[in-house]
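Chemist: Use these hints to put chain B onto chain A, whose structure you have.
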Amino acid sequence: MLGLQTLVGNLTNIALLASEGEGGGGVQFPPIENIVKWPALFGEGSFYAFNKIALISMIAMIVPALLFYFAGRKASLVPKKLQNIMEASLDFVEKQVIMPAIGPEGMRYLPMLVAMVFFIWIGNVFEVIPTSHMPANARMANPLMLAMTAWVMFIGVGVKHNGLGYFKSALFPPGVPKALYLLVTPIEFLSTFLIRPFSLAVRLFANMLAGHILLVTFSVLCITLWGFTPLVLVELLSFPMLVAFTGFEFMVAFLQAFIFALLTAVYIGGALHPEH
Amino acid sequence: MIGLLAALAAEVPKEVINPVVPDEIGEIFWGALAFFTLWALLRYVCLPPLLKVRAEREQQVLADQEAASAAETQGEQVRRDYEATLAEARSEANRIVEVARVASEAQRSQAVAVAEAAAAEERQAAMADLDAARAQALNQIKGDVASIAISAASKVVQADLDLAQNQSTIDDYVNQASGTR
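Protein chains in written order, with the working numbering: chain A, 1 to 276; chain B, 1001 to 1181.
The shape of chain A in the complex, shown without the other chains:
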């Protein structure tokens, strides 16, 4: 990772120097607000201001809903084509998220976790879709909303299944010497009820924002270095890196969706059995 940072730094410096040497006034990196903030298509200034992020969120809702709808519309005992793919995705969430984290009793949370995986994944994958190049989760809104949903969900599950004893089990873990509660209880309170939603949201948001900035950086480098100068040779490195990072971000888009859903399931599983 350190090597990568050094490489990016060096490429940036080369590009800066190259452009300054040509009297171009330096590389024209876009301001941060230009790559994460989008003007409203309508409703500017209101709570329903609809911008590019909102559009991606709506697409991330419509696409999986349509896929699952058409897969289930003529569902047969022997699945074919779309039904096969969508059932495989259900199996993935069931076997890789629910069963390891919650167990068979977690199947009731399948719709929520499937919605999370697809909503986050499709929102993320717009990072590498041409003409879009913007992951919805590189803005804090959706990760925060999803993390708050997970937070409310696991606390609600804990209270529903254990009553108010859930808080006692969570804050006063059994088997700990009573004197240590002075130290353990504040730590548990912070980690379970305050840091969890924050870490969930920031993990997704920061990963996607970092990937977005990385792709923007290499795109700017490729554009800047393209010309009849010796520095065009650097393009031999920067362009393959751009392609490689695009593939990498495609993988990260799914990985972050999986991690978010898995951690949500782990928190729900912990709330179901706080004594563990």
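Treat the hints as calculated values from the structure; they're not laboratory data. Model, not experiment: these values are computed from the prediction. Note that the Cβ used here is the ideal one computed from N, Cα and C, for glycine as well. Misleading hints may appear alongside valid ones.
Said to hold, decoys possible - Stretches of chain A that chain B covers, calculated by requiring three or more beta carbons in the stretch to come under 8 angstroms of a beta carbon on chain B:
no., stretch
1, 60–69
2, 139–146
3, 150–163
Modeler: Frame of chain A, contents of chain B only:
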């Protein structure tokens, strides 16, 4: 990377809001609307048919497995019955073969005994015929030898010898000679 961040930082005007803090309430509103709509659609509309078919398939697979297991058990029972029948048939065949062997052995012994008796009888008859023929031949030889001997002796003594008178002597000699051979 530090250079890039420095360049980016230099470009950011002071009045720009921190990108970490969500400043667009509309994004939260539409994001929440989209997510909870998707959740509700999956929960009540899209997933139930797929989950129903999947449950039916699992039931079908279980039923097929049970049927296959029952068929396997039945097949095993049929195989056992067949092997028992086969063993019984083999035993019966062995018994029949043994009975037949004993019967044929008895028949063979009986046939051999009959044949041996017949052969002995025929041999005895043949021996009797042989003895008769020999006795006949001996009597004929005796007569011939007596005639020749009388004729020869008459030539030697220059006198006619009576065959009847010397018959007993010649018979004794012939009997003695035939007995020594």
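Chemist: Establish whether the coverage given for the stretch 139–146 of chain A by chain B is satisfied; the threshold is a Cβ-Cβ distance below 8 angstroms, and no fewer than three residues must meet it.
Modeler: Three-residue rule met by the stretch 139–146 of chain A, so holds; n is 7.
Chemist: Test coverage of the stretch 150–163 of chain A by chain B using CB-CB distances below 8 angstroms; three residues minimum.
Modeler: violated (count 0)
Chemist: Please verify the coverage claim for the stretch 60–69 of chain A: does it have three or more residues whose C-beta sits within 8 angstroms of some C-beta in chain B?
Modeler: Coverage by chain B holds here, the residue count being 6 at a Cβ distance below 8 angstroms.
The structure shown violates just one earlier hint, number 3.
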